[in-house]
Amino acid sequence: MDKTVNHKAWFLVLPVLALVAFSAVIPLMTVVNYSVQDTFGNNQFFWAGLEWFDELLHSERMWDALGRQLAFSAIILAIEVPLGIFVALHMPKRGVWASFCLVLMSLPLLIPWNVVGTIWQIFGRVDIGLLGHTLDKLGIAYNYTQDSLAAWITVIVMDVWHWTSLVALLAYAGLQSIPDAYYQAARIDQASRWKVFRYIELPKMAGVLMIAILLRFMDSFMIYTEPFVVTGGGPGNATTFLSIDLVKMALGQFDLGPAAAFSLMYFLVILLISWVFYTVMTNLDKREGV
Amino acid sequence: MAKITLDNLAHSYLSDPAGEDDYALKELNHVWADGEAYALLGASGCGKTTLLNIISGLLRPSRGRILFNDADVTHAPTAARNIAQVFQFPVVYDTMTVRENLAFPLKNRGAAPDYIARRVQGIARMIGMEEILDKRARGLTADAKQKISLGRGMVREDVNALLFDEPLTVIDPHMKWELRTQLKALHRQFGHTMIYVTHDQTEALTFADKVVVMHDGRVVQIGTPEELFEAPAHTFVGYFIGSPGMNVIPARVEGAQAYINGASIPMARAYGALDGKVEIGVRPEYARLSATEGLPVRIRRVEDVGRHKIVRADFFGYDINIIAEEGEEIGPDMTRVSFDPARVNVYADDWRVEGEAA
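Read top to bottom, the protein sequences are chains A and B.
Position 79 of the first sequence, counting from 1, maps to 79 under the working numbering, and the rest follow consecutively.
Position 120 of the second sequence, counting from 1, maps to 410 under the working numbering, and the rest follow consecutively.
Hints listed in this document are in silico derivations from the structure and should not be mistaken for laboratory results.
Among the clues, some could well be false.
Said to hold, decoys possible - Mimicking DSS-like on lysine-lysine, the simulated pairs with C-alpha atoms at most 30 Å apart in a straight line are:
hint, chain 1, residue 1, chain 2, residue 2
1, A, K195, B, K425
2, B, K466, A, K204
3, B, K316, B, K567
4, A, K204, B, K397
Let the hints inform the model, and build the full structure from the sequences given.
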């Protein structure tokens, strides 16, 4: 069949082009523009080339923030994924308690980020917070405003508290899709509990778990509000993650050039890691399909 | 392999069953012989899956005992019963290869590696999967997966019974024949006690030595396909088995004569006084249309199904079916029907009454 050629059809694409241009392309290009220039205010710009990128790549501050960020994402994934699976495995499969658990699990997900931050900021305070005060009375030195380790633990426990539910709910959905016959067959084959998990439950959950990991990675990699509310990135720079550092640089110090270069590289890192995830996921599917 | 004894077995899904109606499975007493192939046949909800689950140990019966050979296994868990089961939907371990799937039950029981290897090879040959032993099970077709679960069941030499829960439901029609034939061949070769649950009479009749027909939680007849066809013990067996099913017509029976609206039908056997609802049952195969003989009938429709014709007719206000030979001409003068006297069965309250040769 011949295609109808009508160049006026291009006009139909215009609204989308305009929308995408205003919401994505122009802001992004502005950032690119900033990243190769320097300014001393008054809207005077000087060409800086790749100077900011070069500076950033040699800046200890950026590498430290990136290191902290990667460590944070790795730690929360290492806790939340197994914990979420564990919780999902122990949730009742049906009945009133199943609904009750589902509601209970979704509660933390409904709380806004800054509220979560505030809750933990108060909860951990040594003077009035239940957690902080109790630990203090027990003789455990805990003060997230002065001790880096305590700050890290607080931020991680807070994230685990906030987001493990998401992993658990996704894993639970995966588990619910397994027909009873699989468990019956496993009993007949005398498979141990571990083997049931390894050969039935885990493979059936693999798809949703990949999504859970991807979501949790992306979210934790751009985490900003919660640690900012609790620790403000401190003590010192102990909990200054990439986004906190970026905002500090862009809005606090008004170093627009370096900040623009920073955010571009941030963007590229996320793009790169997501691409790796995507490739691994599709390859897993392909390999299993054989 | 084992003989299976069902002793006063009954099951209700309610915690406090009051009357007979509360029982999904009504009281049963049967001994199923070692090495025979049984089919549990019945419509959905007749209790056949309940019975299967009791045998496999997934369900504890409310009353009664179940024995494998002479050991009471009523309260034994599934794993201890040493049975194998093939489910409606193929259950394979997706991430394992075919070989690992087949080896899994033996491995879990701690068998020696060389024994496992030998056994897996043997089973793979039986189910025709030697070529693809190292393929991942996930990408295989439904019938191949079903073969794997069958193979997993047979890989243990000492299984007491092989249970099948409508195993061909998701299999393509042309593969059904092949799998069923293969099952039958395996049964002949190895003589496992097999119990096959199905609602498809063709499957049941071709697979089993004995067909157990269930209706409304009760076993209504256990018999060879021939017995079920010639002498259905219950009107349900009559119309569930056969295509179309048996004609069941209310009648009055006196000696060797049955009367329908005053017209008499001769029978080969004589009956004493009968209580309750009395009916006669005649298979469409044993009814014959003619222009002169028998009782008046009005033909409503003729369906040609290839091998023969099914005549749908009105007989004293009752719908009956008559099977006519493919070559038989059915003209407008064919207004009478006669029944083979030796093939007329008499039912009182739905149960068959044995007559005396007249």
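Notebook entry, point to check: Is the Cα-Cα distance between K466 (chain B) and K204 (chain A) 30 Å or less?
Noted result: The given pair, whose Cα atoms are some 28 Å apart, holds under the 30 Å limit.
Next item on the list: With a cut-off of 30 Å on the C-alpha distance, tell me whether K316 (chain B) and K567 (chain B) pass.
Entry: Given that 30 Å is the threshold and the Cα spacing comes to 23 Å, the pair holds.
Margin query: Hint check: K204 (chain A) vs K397 (chain B), CA-CA at most 30 Å. Holds or violated?
Written below: 22 Å, holds
Next item on the list: Please work out if K195 (chain A) and K425 (chain B) have their alpha carbons no farther apart than 30 Å.
Entry: 20 Å, holds
In terms of the numbered hints stated before, the structure departs from none.
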